[in-house]
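Asks: Take a look at the letters that make up each chain.
There are 2 protein chains.
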Amino acid sequence: MPAKQRLLVIGGDAAGMSAASQARRLRSEDELEITAFERGHFSSYSACGIPYWVGGEVTDRRDLVARTPQEHRHRGIDLRMRTEVTAIDLDRQCVRTRDLDAPDLDERWHGFDQLVIATGAVPRRPDLPGIDAEGVHGVQDLDDGSALLDALDKERPRRAVVIGAGYIGVEMAEALRHRGLDVTVLEAAPEPMSTLDPDMGRLVRAAMNGMGIRTVTGARVTRIRTDDDGRVSAVATQDAEYPADLVVLGLGVRPRTELARAAGLPLGASGGLLTDFAMRVRGHDNIWAGGDCVEVHDLVSGRERYVPLGTHANKQGQIIGTNVGGGYAVFPGVVGTAVSKVCELEIARTGLLEAQARELGLRFVAVTVESTSRAGYYPGAAPLTVKMLAERRTGRLLGVQIVGREGAAKRVDIAAVALTAGMTVEQMTALDLGYAPPFSPVWDPVLVAARKAVAAVARG
Amino acid sequence: MPAKQRLLVIGGDAAGMSAASQARRLRSEDELEITAFERGHFSSYSACGIPYWVGGEVTDRRDLVARTPQEHRHRGIDLRMRTEVTAIDLDRQCVRTRDLDAPDLDERWHGFDQLVIATGAVPRRPDLPGIDAEGVHGVQDLDDGSALLDALDKERPRRAVVIGAGYIGVEMAEALRHRGLDVTVLEAAPEPMSTLDPDMGRLVRAAMNGMGIRTVTGARVTRIRTDDDGRVSAVATQDAEYPADLVVLGLGVRPRTELARAAGLPLGASGGLLTDFAMRVRGHDNIWAGGDCVEVHDLVSGRERYVPLGTHANKQGQIIGTNVGGGYAVFPGVVGTAVSKVCELEIARTGLLEAQARELGLRFVAVTVESTSRAGYYPGAAPLTVKMLAERRTGRLLGVQIVGREGAAKRVDIAAVALTAGMTVEQMTALDLGYAPPFSPVWDPVLVAARKAVAAVARG
Chain A
1 MPAKQRLLVI
11 GGDAAGMSAA
21 SQARRLRSED
31 ELEITAFERG
41 HFSSYSACGI
51 PYWVGGEVTD
61 RRDLVARTPQ
71 EHRHRGIDLR
81 MRTEVTAIDL
91 DRQCVRTRDL
101 DAPDLDERWH
111 GFDQLVIATG
121 AVPRRPDLPG
131 IDAEGVHGVQ
141 DLDDGSALLD
151 ALDKERPRRA
161 VVIGAGYIGV
171 EMAEALRHRG
181 LDVTVLEAAP
191 EPMSTLDPDM
201 GRLVRAAMNG
211 MGIRTVTGAR
221 VTRIRTDDDG
231 RVSAVATQDA
241 EYPADLVVLG
251 LGVRPRTELA
261 RAAGLPLGAS
271 GGLLTDFAMR
281 VRGHDNIWAG
291 GDCVEVHDLV
301 SGRERYVPLG
311 THANKQGQII
321 GTNVGGGYAV
331 FPGVVGTAVS
341 KVCELEIART
351 GLLEAQAREL
361 GLRFVAVTVE
371 STSRAGYYPG
381 AAPLTVKMLA
391 ERRTGRLLGV
401 QIVGREGAAK
411 RVDIAAVALT
421 AGMTVEQMTA
431 LDLGYAPPFS
441 PVWDPVLVAA
451 RKAVAAVARG
Chain B
1 MPAKQRLLVI
11 GGDAAGMSAA
21 SQARRLRSED
31 ELEITAFERG
41 HFSSYSACGI
51 PYWVGGEVTD
61 RRDLVARTPQ
71 EHRHRGIDLR
81 MRTEVTAIDL
91 DRQCVRTRDL
101 DAPDLDERWH
111 GFDQLVIATG
121 AVPRRPDLPG
131 IDAEGVHGVQ
141 DLDDGSALLD
151 ALDKERPRRA
161 VVIGAGYIGV
171 EMAEALRHRG
181 LDVTVLEAAP
191 EPMSTLDPDM
201 GRLVRAAMNG
211 MGIRTVTGAR
221 VTRIRTDDDG
231 RVSAVATQDA
241 EYPADLVVLG
251 LGVRPRTELA
261 RAAGLPLGAS
271 GGLLTDFAMR
281 VRGHDNIWAG
291 GDCVEVHDLV
301 SGRERYVPLG
311 THANKQGQII
321 GTNVGGGYAV
331 FPGVVGTAVS
341 KVCELEIART
351 GLLEAQAREL
361 GLRFVAVTVE
371 STSRAGYYPG
381 AAPLTVKMLA
391 ERRTGRLLGV
401 QIVGREGAAK
411 RVDIAAVALT
421 AGMTVEQMTA
431 LDLGYAPPFS
441 PVWDPVLVAA
451 RKAVAAVARG
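Each protein sequence line maps, in turn, to chains A and B. When the letters of the first sequence are read in order and numbered with full-length UniProt numbering, they come out as residues 1 to 460. When the letters of the second sequence are read in order and numbered with full-length UniProt numbering, they come out as residues 1 to 460.
Simulated from the structure, these hints should not be mistaken for laboratory data. Check the hints yourself; a few may be wrong.
One-sided excerpt, in silico: chain B residues whose CB lies under 10 angstroms from chain A [said to hold, decoys possible]:
| no. | residue |
| --- | --- |
| 1 | Ser46 |
| 2 | Trp109 |
| 3 | Glu171 |
| 4 | Thr226 |
| 5 | Asp227 |
| 6 | Val335 |
| 7 | Ala382 |
From the three backbone atoms N, C-alpha and C, an ideal C-beta is built for every residue, glycine too.
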């Protein structure tokens, strides 16, 4: 009988705990010992849910926790909370940990046979004067969410400035607006949501303005001003100053890979770990990585990209656990799908934006159509804009962006599957999509866009 | 210069007028003369919208008409309303017409170079005693809808019996219930919606019962009883009698192909015209057919099937028009997608049912999962049941059925595209679908079903 294997997991959120849980399903405690380290207070939580918790749609923080540390322990995973991994020693095959609740204790070393790195992401904090002032909040984990809610309750801020109008920035702006604050969003790009082409981002800006959120684009933040107590008082840009009692950073995240870098593991251009299809760190047979700390393969561009999303983290964790547990599974890659909601506006994208396609040297056509979410005569039919990119000559689908009301966002899944299958826009025009008046016009908006793209490709 | 071509179109609804309009876009009036004949009072209308008109969600009949006869004429199509085609003469390449508003006039012959047959469907009327009684309504076209609404207004019926619990039967039952009638639905099959497997149909029955619609399954209707004035008074089954002031037939439709049959054109097993991929009637270079009068190729089973749906009719018409106009387009086939709504319940299917897969000699696994339409913690998250069929050994996706609340039906599009692409359930588990808490749990319900199907395939 083989000796009992030791699996160590760094990170107690989606990727790490999915890996641990799946490995546990496949291997008994006699075969595999699983220990996981989490530096924070929570395990397996939904970071994506934080804006809705701040906004009040979700009232109980516990709802955002899919599985508590106790639940993990009951399933045979030795999850150690508030335990930070401070080093990975590949030669000796062990990691060093520190107990954050007992900082006087010595650090400890733990040996492993298999190691999962799921260290997640760090919110981007621009290097600005005043960035560490009281009242400047990131929103990456539940502790951040708690701190922000505490600040809202206790300090009753009146004016909020959100820096950055990506998904998190826009969702947080809406959440703060829900709570009655006066909200300004500052964005360096020409439109909010630079995950969309500017012509689609403009629709998002209109919706934000419609709900009373002030948007300032082309805004380069130069400093955060503080009052005499060291509290935030305003955010300055190159040409203006916006008074603020509260600042939220919505500038996205970067991979948290300092440990991996120090250990000499391979990192990509955006600083994320590089893995093979089985989610093994490249060149290391027994080191695995998944979630917000890795780069992923983009099936449309053929390149590696950094796409931190909970849904990828869960899938990758599942795949790691299967492989560690002796099964076989791969993560073939992503196509760049993302959906979001701002007030009643649904926003979705998949595949490449115009700028991305151009950067890859692709020649393409781009078409935009206006349609409705339901048959025009059916109550609740709402306008919906679909933009579609297709490669010249081949007609291969390159990307889709959708902005609309109810029923807009998940329509992007049609294009996500078509991209995965490598379909042309002509093939898409024949797709047998669900049609009934409450759900779609007789030509689904995605089909209308595909037809227009076919015509554009034919024009050459 | 070639002589001016003459295109004749039989049928002024979706397929026929899409064909005519597309041909007109591609060919000028100098090149192509287009004449269309429609027996009814309306052109290009949405039959699918009739239940919502009867139910009151759509108040103006005109909303159901996509394009009026006048609009077609303004675009250079000579559309003759209330004109019935009574014969097709293939040898002489002409059709005979009759003016329904002037029955005394002689019938006339019209020559063609190209002919489009888009004669649509006929509601199935069982050969029962009393079937022609006053108060028995079909709901195939706008005239039927008008007659039914008139009856509701003038006769104020209290008790309605709907015969047949397919899409139209169930939608009409709900519409009548909306109007406050006491509604009983009689269905011969063990569950309503025999377009679903019985275990999924059961969920539909529960929803119907929940909104106060009585459902009687396993009911074989034997006669329609009338009062002394010849008006309907009850519907009798093999073992009971259901009092009725109004009877609606929801038994589906069959292809209206008497003309084509008389002309010797090729018909399939279900009586629909057989065409090639370009929608040309097989063996006839200049005869085209599309819409509810044709059989379609089923990409999953490889067989011809009869699938009368407005969305196919529109696509096929578009393709005919392109080909007649000198372009090139094909209709590759369907995968059997259908969606519907009963009260708040959304119902969807694509691909094969268990019974259909068995009939084709396929061995398969069937899995069912319960999930939610949104992240569990997000307001409005509603339960949703997904059933998935996959081929044994290969893991090829065979079919998906979804029953749930908001956000259930259009999720079937994911599977429709995956079926078109010939994906396996394992490939589906990696699909990069849109995820955000307002739209999906972190594992989309379709992915959860795919994972369960993968495990079932692996067990063999």
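Asks: The structure should be examined with respect to each hint, and the outcome stated for every one.
Replies: Tested hints:
With a cut of 10 angstroms, the hint placing Ser46/B at the interface with chain A holds, because the nearest CB-to-CB distance is about 7 angstroms. With a cut of 10 angstroms, the hint placing Trp109/B at the interface with chain A is violated, because the nearest CB-to-CB distance is about 34 angstroms. Below 10 angstroms, beta-carbon pairs count as interface contacts, and Glu171/B has one with chain A at about 9 angstroms; its hint therefore holds. Given the 10 angstroms rule on beta carbons, the hint for Thr226/B is violated: about 34 angstroms separates it from the nearest Cβ of chain A.
For Asp227/B, the suggested interface contact is broken, since its CB lies about 36 angstroms from the closest CB of chain A, more than 10 angstroms. At its closest, the beta carbon of Val335/B sits 5 angstroms from a beta carbon of chain A; the interface hint therefore holds under the 10 angstroms criterion. Using the Cβ-Cβ criterion of 10 angstroms, the hint placing Ala382/B at the interface with chain A is not satisfied: the shortest such distance is roughly 14 angstroms.
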